[in-house]
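With the hints as constraints, model all of the structure from the sequences given.
If you read the sequences in order, they're chains A and B.
To convert a position in the first sequence, counted from 1, into the working numbering, add 785.
To convert a position in the second sequence, counted from 1, into the working numbering, add 384.
Source of the hints: derived by calculation from the structure; they are not laboratory data.
Treat the hints with care, since some could be wrong.
What the hints assert, rightly or not - Facing chain A, a subset of chain B residues (Cβ under 7 Å, in silico):
no., residue
1, L395
2, A399
3, V402
Said to hold, decoys possible - Rough simulated footprint, nothing fancy, chain B against chain A, three-plus residues with beta-carbon under 8 Å:
no., segment
4, 840-849
5, 893-902
Where a beta carbon is used, it is the ideal one built from N, C-alpha and C, also for glycine.
Each chain is listed here by its residues.
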Amino acid sequence: MSPSSHDRGPDLTLVSEAAPSLAAHPRSGRESPAACELDWSIYMARAQGGDRDAYRRLLEDVTPYLRSIAARHFRNSGDIEDTVQEVLLTVHAVRHTYDPARPFGPWLVAIANRRVVDGLRRQGRSRAREVALETGHETFAAPQANLPETASDGRVLRDAIEQLPSGQRDAILMLKLQEMSLKEAAAASGTSVAALKVATHRALKNLRKMFARQDGKA
Amino acid sequence: MITTPDLIESLVAGAKPVRRLRPPAARAALWLLLAAAIVSLLAISHGLRPDLGARLGQPLFVAGLAASLLTGVLAAVAAFIVSLPDRPRLWLLLPAPALALWVSTISYECLTEWVSIRPDSVSLDEAADCFATLVLTSVPLWLALLLMLRYAALLFSAAVAAAGSLAVAALAATALSLFHGLDASAMILMWNLGAAALLVGLGSAFGERMFSWVASR
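So, in structure tokens, the structure goes:
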């Protein structure tokens, strides 16, 4: 996909007016881009010479315009802002390539279109490989893991834990349900860390057997 | 994620005066001067081909030499112009007529003066010599082009790399024509168009990565 295949945005034309005073001009966003282009060109020429006020003014002024270009291609506000920021970074990196004798609009729009195309490519790649996580999604691929837990599932699990030998039951309750650390559980129960590990392992094995038996019956 | 106003502040804080690029034609001329210097040094160290005087009397050879040189010059100008964000990419077509003429002269030469390759007509020494000339001409030119156009990594690097590779390949072919007596048509094809196709292919395939790598240094 080439940048030329994309909408280049509104045409910008030079408007002759006196050289801008940095303090006198209203913020962009309330002015049309066409009226600003000559100013932008002058600001960029000053910025190339190291004038930071002119540079700040330029970047702040072009941002709404860049946002409008990005908004034509992206719906997500995060993607729009990402694209705007990438355009600003590119403008910063290649600002020495701007020739003040030439119009500023085509220079800026060409860079913006390039970053939009990059963004669209990146979006296409990520869509092909990734699934966006939304509220309804969980972190596990297995469908069973994503089913909402029902009250009966919890009751079945608690009943199964109750049937475990006391050592194994305490280990599961402390380490898995109360999420205590091994050290904390060892201190609370008065047993060693190694014994807790063994008890947890056996408890999980027994629980697995119990549920397998129940599934077999069902 | 940094907010856009914060990003602007950080960019402004790091904004230092920059030197504007010279016009693309002037920068292309500088690069071509380097190419001329390399070819001159090779001519001094290697010596021109013995039959160059006689060959320069043949219109077909002169047309081919001029076409390859013109292709190199125009492709270099196109690469420097297209590397700028606001220049139309139609400039990539600038070397097309010269390239067509160059390919035509080589094709015509091959059709009319086909010389079959005998076992003793292609010596390993000659092939190695041709390869050395190709490398000695194209590698420094490629490196210089990468440095001069490194900012293109952020813009249209594939197009710039293709035009730049064509410039390097055409100038390397011009140097080959000056230094080596390529009498076998298959050799001409291999060293001129084959090397050009290889360089342009490599440039198109890896140009973007190479520009990015140089730009990040």
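Now the hints, each set against the structure:
no.: 1; hint: L395; result: holds, 5 Å
no.: 2; hint: A399; result: holds, 5 Å
no.: 3; hint: V402; result: holds, 4 Å
no.: 4; hint: 840-849; result: holds (count 5)
no.: 5; hint: 893-902; result: holds (count 3)
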